[in-house]
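Line by line, the protein sequences are chains A and B.
Note that this note's numbering numbers the first sequence so that position 98 is 98, with each residue one more than the last.
Note that this note's numbering numbers the second sequence so that position 256 is 256, with each residue one more than the last.
Please keep in mind that the hints were generated in silico from the structure rather than gathered at the bench.
Where a beta carbon is used, it is the ideal one built from N, C-alpha and C, also for glycine.
It is possible that some hints are incorrect.
What the hints assert, rightly or not - Simulated restraints on C-beta separations:
#	chain 1	residue 1	chain 2	residue 2	range
1	A	Val37	B	Asp99	37 to 43 Å
2	B	Ile29	A	Asp84	49 to 55 Å
3	A	Ala3	B	Glu19	32 to 38 Å
4	B	Lys96	A	Ala3	57 to 63 Å
5	A	Arg34	B	Glu417	37 to 43 Å
To be verified - If you want a taste of the chain A side facing chain B, the calculated C-beta under 8 Å gives, among others:
#	residue
6	Leu13
7	Cys38
8	Cys65
9	Ser66
10	Cys136
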Amino acid sequence: MSALEQLYQQIILDHSKHPHGVGLEVGEETSHQRNPVCGDEITLALRWNAAGDRIEAIAWEGAGCSISQSSASLLATLAEESADEGSPWTTEEFAALIEEFREALRSRGAIPLDEERFGDAAALSGVSKYVARVKCAMLAWVAAEDLLTRRA
Amino acid sequence: MTHSPPPGTSTAAPFTASELEAIRAQFPILQREVQGHPLVYLDSAATAQKPHRVIGAESSFYTTANAAVHRGAHTLAGEATELYEDARLTIARFLKVDDNEVVFTSHATEALNLIAYALGNASLGMGGAAAAPYALTPGDEIVTTELEHHANLIPWQELAARTGATLRHIPVRDDGALDVEVARSVIGERTRVLALSHVSNVTGQVSPLAQLVPLARAVGALVVLDSCQAAPHVPLHPRELDVDLAVFSGHKLYGPTGIGVLYGRAEVLDALPPFLYGGSMITTVTLEKAEYLPSPQRFEPGTPRIAQAVGLAEAVRFVDGLGLDRIAASEHALGQRLRDGLAAIPGVRLLGTDPAAPTVALASVVVDGVHAHDAGQFLDDRGIAARVGHHCAQPLHRRLGATASLRLSAAVHTTAEEVELALEAVAGIRSFFGADDDAEGSTP
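Just chain A, same shape as in the assembly:
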C-alpha cells in the first residue's frame, strides 16, 4: 500500500461518503471548530447518560475534506460501540483517549493508533505522516475536548 493509500484507506473514504452520527438537536450544547487553512468545519455535541457521568453518543454536523469528516464519523462510531458494549466513556476515559489520539497523530508516523483502543478509527494512523493534515483529523476530537473542558 502506498503512503497515499494508507492515508486514504477504504474505511476513511466510506465514512467520508456515508458519515455516521450526523444530526444535531436544536438547543443542544455544541462546540464549533474550524480549520481556516482549508475551510473544514465541525459542530459537535456530547450526549450524556441520565447521571451525567458517561457519554452515550456523539453527534455532529460539518463540511470539509474526507479526513476531517471521516474522523468525526469514526469518533461517533467509536463512542457508540463503547456504549453498546456496556462501557460508555467517563470524562476521564474520553480525555485520555483524545490525548492518546493526539500523541499518535503528532508522531509523524512513529506511533500507530492501537486497534484495540480505537477500532476502525485506527485507520487514521496514516494521517500522522502528513503534518499538514493532522489538524483535519483532530478537528472533531478538539471539539469534544472543548466540551469536556467546559464541563470540568
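Since the structure of chain A is already known, use the hints to place chain B on it.
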C-alpha cells in the same frame, strides 16, 4: 475555447525547447524530488521559485555591501544606498515610471493597506490642504469588486468603517468576469476610489480595464490596481493603464519574500499623508511635531528591506532579459492547454469561462465529489505542487458556487509535459476517491 493573450503581448515567439531548458537550469529547486517524483511546481501564483541569480544577489549584498542606507558617511553605507536606490530605478524602468513614484513595502498587502490608511489619515484632516482633496466623508463611495483577493477587499471595508464612506462592489457574472454593464451604474458621482484586480488570482482572467478605468476617470475617482497576478505574466505599465496607484509583490515575480512595490503617481503620493511613522522619513522633528520628506521616503520609515530590494531588482532584470512578451507567448500556450484540458475532464468544473477574457496561465477547478484539500493531496503524491482552498477570495468562490478549489498556475519554467502530467493527475482524482462510482457524489 480560444482565449486571446493578455493585451500588449501578441506577436512574440514562445521559448524554444533549448531556451526553456536553459531557463529551467536557472532554478535550483527544480532539481529536487517530491514523494519520489521530480517536482512539478504549479503553485507560482502563490509564490514563484527563485533563480540562482536572485538568491545570489541577496546573498552577495549581505556578503559584500551590508549597511544601513541613507545615513552614515562610511563606504559601505554609500554602496548599500547606491544598490538600494539602483533597485528602485530598475523597478521604475520596468514600470516605465519615475523613481520617486516607486515605494518599497513589506508586501503587496502592506502596499494596499498603506493606500487605505493614507486616505484614512487624509480623511482625519492630516496632511493639510494638499491631502484635503483625498479626504473621504460619509456618503462618499469606495468601489471594489466581487473577485478581489482579501488583501484588496478588507482594507477598503475598514476604511469605509473609519470614514463613514459606503463600500460598493462590481459584481461577477457566472463566467467569472466582472460585469461591466452593472459597473456603469455602480461607479457614479460619489465614487472616490475604484480598487480592483488586474488579473484574478482564481480564474486567471484579465480584468476589462480599458472599459472600467474610464468610468472611474470620468467621475474623478482614484484608481487602485492590484497587479500581483499580472506583474509576472504581462507588461505592467501603470501610466498606459491610466491608474493612479498599482501594487505587486516581489516574491511572485521571482524575487525574495518580504518585499512589495507600490507605484503611485507623484502628484498623489506627494499629497497623501504618511501611514507608518518613524525615522528616515522626516525633514525636521521637534518634541511636538514632524515634517515629512516627499515620496518615496515619506512612505518608507525605518530601515528598509535593502537586501530584498536588491534581490527584486535582480529578478526584474531576469524577467526583462527573457522579455515579458516572450514569457507571455510561452505561458499563453500552456494556459490554453491547461484550461482546455481541465474543462474536458468529466466531473471537473473550471472557474472562469468568459470566452472574451484574455487569461494568464492559471486555472482553478472544482472536482465534483472530492474536497479540494484531498485533490491537492492526490497531486502532491505525484510530486505536483498545486494550491487548494479559497485562495483568499471567499466572496468569489461563494459567487461561483464553490467553497474551495484546486488551482494550477504556471511560470516561466513550466513545460508542456508538466501541464500534461497535471491534467493526467486531475483526471485520476475522482476515481481514486470513488467519486465516479456512485450517483450521490456531490461537491462538498
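Against the structure, the hints come out as follows:
no.	hint	verdict
1	A:Val37 <-> B:Asp99: 37 to 43 Å	holds (39 Å)
2	B:Ile29 <-> A:Asp84: 49 to 55 Å	holds (53 Å)
3	A:Ala3 <-> B:Glu19: 32 to 38 Å	holds (37 Å)
4	B:Lys96 <-> A:Ala3: 57 to 63 Å	violated (50 Å)
5	A:Arg34 <-> B:Glu417: 37 to 43 Å	holds (39 Å)
6	Leu13	holds (6 Å)
7	Cys38	holds (4 Å)
8	Cys65	holds (4 Å)
9	Ser66	holds (5 Å)
10	Cys136	holds (7 Å)
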